[in-house]
Amino acid sequence: MDWLQNLGKGTLSSFAAIGRATYLLFGALFGGKPNFKKAFPLLIKQIHVVGVQSLVLILVSGLFIGMVLALQGYTVLIDYGAEDSLGPMVSLALLRELGPVVTALLFAGRAGSALTAEIGLMKATEQLTSLEMMAVDPLRRIVAPRFWAGVISMPLLAIMFSSVGILGGHIVGVEWLGVDQGSFWSIMQASVDFTDDILNGVIKSIVFAFVVTWIALFRGYDAVPTSEGISQATTQTVVQASLAVLGLDFVLTALMFGN
Amino acid sequence: MTSRKFEIMVGFFVALGIAALIFLALNVASAGVTGSGQTYNLYAKFDNIGGLKVRSAVKVGGVVIGRVEEITLDPVDYAPIAKLAIDSRYNNFPDTSSLSILTSGLLGEQYLGLEPGFIDETVEILGEGGFIEDTKSALVLEELIGQFLFSQGNHD
Numbered sequence: 001m002d003w004l005q006n007l008g009k010g011t012l013s014s015f016a017a018i019g020r021a022t023y024l025l026f027g028a029l030f031g032g033k034p035n036f037k038k039a040f041p042l043l044i045k046q047i048h049v050v051g052v053q054s055l056v057l058i059l060v061s062g063l064f065i066g067m068v069l070a071l072q073g074y075t076v077l078i079d080y081g082a083e084d085s086l087g088p089m090v091s092l093a094l095l096r097e098l099g100p101v102v103t104a105l106l107f108a109g110r111a112g113s114a115l116t117a118e119i120g121l122m123k124a125t126e127q128l129t130s131l132e133m134m135a136v137d138p139l140r141r142i143v144a145p146r147f148w149a150g151v152i153s154m155p156l157l158a159i160m161f162s163s164v165g166i167l168g169g170h171i172v173g174v175e176w177l178g179v180d181q182g183s184f185w186s187i188m189q190a191s192v193d194f195t196d197d198i199l200n201g202v203i204k205s206i207v208f209a210f211v212v213t214w215i216a217l218f219r220g221y222d223a224v225p226t227s228e229g230i231s232q233a234t235t236q237t238v239v240q241a242s243l244a245v246l247g248l249d250f251v252l253t254a255l256m257f258g259n
Numbered sequence: 001m002t003s004r005k006f007e008i009m010v011g012f013f014v015a016l017g018i019a020a021l022i023f024l025a026l027n028v029a030s031a032g033v034t035g036s037g038q039t040y041n042l043y044a045k046f047d048n049i050g051g052l053k054v055r056s057a058v059k060v061g062g063v064v065i066g067r068v069e070e071i072t073l074d075p076v077d078y079a080p081i082a083k084l085a086i087d088s089r090y091n092n093f094p095d096t097s098s099l100s101i102l103t104s105g106l107l108g109e110q111y112l113g114l115e116p117g118f119i120d121e122t123v124e125i126l127g128e129g130g131f132i133e134d135t136k137s138a139l140v141l142e143e144l145i146g147q148f149l150f151s152q153g154n155h156d
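Sequence lines, in order, name chains A and B. Residues in the first sequence are numbered consecutively from 1, following the working numbering. Residues in the second sequence are numbered consecutively from 1, following the working numbering.
One or more of the hints may lead you astray.
[To be verified] Derived DSS-like pairs: lysine-lysine, alpha-carbon spacing no greater than 27 Å straight-line:
#	chain 1	residue 1	chain 2	residue 2
1	B	Lys5	A	Lys37
2	A	Lys38	B	Lys5
3	B	Lys45	B	Lys59
4	B	Lys83	B	Lys59
5	B	Lys83	B	Lys5
6	B	Lys5	A	Lys45
7	B	Lys136	B	Lys53
8	B	Lys59	B	Lys136
9	A	Lys45	A	Lys33
Hints listed in this document are in silico derivations from the structure and should not be mistaken for laboratory results.
Chain A on its own, in the form it takes in the complex (with noise of 0.2 Å):
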């Protein structure tokens, strides 16, 4: 009867952290009445934690990725003489699937995790019981300004990478293999649709924005609060944030580029 009893525990707990994940949402967007003076000094102090310090490493990946994308694309193109589709190839590449999904993957090792460690030891220290002590609401105080965050950060950075990688794919498509130039652009800003393909890849990485971050103030609010349990939460944070970005984006690219 034991395996039935794990079952049955695994299920419930489950389902309160989804509870107590739900709450904490609510609790940050919608408890108590917004005070956008106070609240916005905090914000920008976490956009630039959250995005700004994250800036070097999304540009030098996008640059990298993009450079990779032509390199490998130009080997397989050449043999059919199709090297001109190089600019549509690494466009749409980056701006539907690689620009969202990696800038959130970057995003959940570089950010992510360090919201967990930062809110998890907040917890550990019992800084959270503190300012509830003093009646500021922890959720509103530090919860809601890195969700913000977090959600305005990332698809600035996603479309940071697309338009690097885009750069990085001219340099060694154009410069290095010799692609014409005209032809790379042009038939490039024949297939590219701005609503369909960029719009899209931005609402994409809006999504992804909401998960990761809200996974990662949750676990760091949800963690044991002891060095071993902050240490296990940061990497829930990873693991369950990388995996909820690729399950949704297969769920995302379906509707949006399905049919």
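Since the structure of chain A is already known, use the hints to place chain B on it.
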């Protein structure tokens, strides 16, 4: 003050993001003649449109002047009708102009080539809803091969 430094950095970050979006919108997506500006519609009937698609380009001498907006089938004679959106800056085509379906490169995508016709007193200028009579259909490779084989067979 540190908060001022943060604000400047975040401002820079957001500006960079917006600049990247503008770069994508203008340089990567087609920002030219895509129906955002003023256009007028022309219609043309073909026997066979081959691989022509909605959003295919309409070109005069290689310059893009418009796009295919809609492709429908004539309910009477089952011939495809293409509705073209042409940039209003180019509104001086006579109705003797001809349209042909061309291919960019051997395997490239198909587009419409517009050949402006002659102008004299009896010729009208095409306006909104104008109909281009003189059209040449797409080259369908299979039909060409079939004709070639047929003509080879006749020599014997």
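Hints, one by one, checked against the model:
1. B:Lys5 <-> A:Lys37: holds, 18 Å
2. A:Lys38 <-> B:Lys5: Cα-Cα ~18 Å, so holds.
3. B:Lys45 <-> B:Lys59: holds, 17 Å
4. B:Lys83 <-> B:Lys59: OK: Lys83 of chain B and Lys59 of chain B at ~15 Å, within 27 Å.
5. B:Lys83 <-> B:Lys5: violated, 56 Å
6. B:Lys5 <-> A:Lys45: OK: Lys5 of chain B and Lys45 of chain A at ~10 Å, within 27 Å.
7. B:Lys136 <-> B:Lys53: holds, 16 Å
8. B:Lys59 <-> B:Lys136: holds, 15 Å
9. A:Lys45 <-> A:Lys33: It holds: about 21 Å lies between the C-alpha atoms, which stays within 27 Å.
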